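Undergrad: Heads up: the sequence lines are chains A and B, in that order. Offset between the first sequence (1-based) and this note's numbering: plus 30. To convert, note that position 170 of the second sequence is 160 in this note's numbering; the numbers rise steadily by one, no gaps.
Since the hints were made in silico from the structure, they are not lab data. Quick caveat, the model's predicted, so the values are computed rather than measured. Check the hints yourself; a few may be wrong.
[Said to hold, decoys possible] Which bits of chain A does chain B cover? Going by a derived footprint, with three or more residues having C-beta under 8 Å, they are:
hint	region
1	96 to 110
2	228 to 235
3	244 to 252
4	264 to 275
All residues carry an ideal CB built from backbone N, CA and C; glycine is no exception.
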Amino acid sequence: MNAAARHNVVVHGPPDAPPMLFAHGFGCDQNMWRLVWPAFADDFRIVLFDHAGAGGAERSAYDPERHAALDGYADDVLAICAELELRGITFVGHSVSAMIGVLAAAREPERFARLVLVGPSPRYLDDDGYVGGFTQADIEELLESLEDNYLGWSSAMAPAIMGVPDRPELGEELTNSFCRADPEIQARFARATFLSDNRADLGRVRTPSLVLQCSSDVIAPQAVGEYVAARMPDSRYVLLEATGHCPNLSAPEETIAAIREFVAG
Amino acid sequence: MSDAGDLLEETAEELFEEAPCGYLTTALDGTILRVNRTFETLTGHDRTHLVGQRTFQQLLSAGGRIYHETHFAPLLRMQGEVREIALEVVRADGSRVPVLVNAALRADDEGRPRVVRTTVFDARDRRRYERELVAARKREHQIAQDLQRSLLAGAAPEAPGLTIEVAYRPAVEGLEVGGDWYDAFWLDPPRTIGLVVGDVVGRGLEAAATMGQLRSAVRALASTGLAPGELLHALDRYARRHEVGQMATVVYADLDLESGRLRYACAGHPPPLLLEAGEPARYLPEGRSLPLDALAAPTARAGAVASLPPGAVLLLYTDGLIERSDRPLQAGMERLRAEVERHRADVPATLPSVLVNALTAEAKNADDVCLLAVGRTA
């Protein structure tokens, strides 16, 4: 099966326009971009996808070994880029996908024209003077929260989610479906995300980058966004008025304006 | 009636303050704008310390805060509401209360979301019970896994000129173990060995237990010297009499290590594949009968004879290796044969895992896969 089908790739906009690739973060799926991508669909070839284990990605796309580290997710991004023959990409990554984009751009810089990093964090854990905002115990608590919240993942729902077509009546009640995921995979993705350390990778990226930092973001605090911008050789830093971790949902206009200004040069 | 009538004359204020759940209104960024008395009691915080002072997220455990930002808040934005989210509130004294939370966006006249209304239910008992259920399920899974592992363990026969290699890959998907098993044992040392690969219907503890019974039954029957067809006939009667292993499939073979004579029989099981030096790989198509306990009355079962010359390898496997929902079984068998040809130069020790990897690369996790490779060295 090809990468586009594996990752539920959805393409909009003029086919000969430069590509803009949107990558969603930990928790939900490509729907996270639905208030943002339409603003760029006239000037860009929009490419949306779901990470392995998330949203509408094929079950078989997830490999517990390969996806134990963010490099595995970067592999997937590059596979999609290669298959769709994307060049001159504007990569827009939210949350953990900001770092996935950093890894991908470090590996194949020739593909990427720009990186837009929304709420990036290269290291979520506090570490020897570095303040990521979380401790190992916090992450264990998150894993408990995940275990307590099998969102839309009761055994009755699993067949619909896994694409077994013989129970159409389940299709209608996909409450929480944007954040549905196999709890096992979700827990593994949480580990891959929150235990990663990509601080050393920031300096390897020469691609012009924009750091979009939210005000009072508990997942990626301001100091972390500043850290990222300071360590990337060619980066701009914009502090949004938006609060929280998902400006793509809570403040799409502001997010769009910031990206627009960046891509305009 | 009149007493109840008096009580029903509650003001909206009383209904709000004394509602049997915590109730709060927050700004979109979570800043608390209003709480009721039940919420004060639940959290141990006085409203003067909450309203305008804190966000709802700040009252959650650190893990819950991450969950809030990565799941709860996005879902609320996308759906307009979220229901039954399990979180933990950290009380003023530092203790924690498991809660269930519902929330809905409240929009203004122009449809723009303005505030979030949230109800918070004390869920101490429920959470304890749910965690017990999850723990029980994990325990059962662990038991089934241990049982399966213990049944699959045990030393295979060792003899000069004989190689026995196994690849066993349980389905990753789901929480339950499957029902594939393999076995290799001495029948008449040091001359004859018995070989088994089987697949019982179902998953979990029950499948593991069934597989254990059939495995023991095969070993017991084999010790009486039955030929493979006879053995499967006897196993069929056993399955029927004791109501165990209905529709299970089994391949049984015995191998004479001196002459290379191989007797085999398949009850509903995919055919063995024989790889001889200098010959194309070929399936052994004979000795076939239906799965165990598939007919109203057990009937005689066919067995067949082949030869495993020095340098040859015999492959016994379960259908997880060749079966895929998106292609006919025949195509899967062709694929296996092609992969065997491609990897025929591999040393016997690595052949099973190489084959399993090659054949399951595109469709991981679907089913258990078991592959037993028995070789005679040249």
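Undergrad: All hints are to be evaluated individually against the structure, with a verdict given for each.
TA: Status of each hint after checking the structure:
no. : hint       : in the structure
1   : 96 to 110  : violated (count 0)
2   : 228 to 235 : violated (count 0)
3   : 244 to 252 : holds (count 4)
4   : 264 to 275 : holds (count 3)
Against the hints set out earlier in the document, violations occur for numbers 1, 2.
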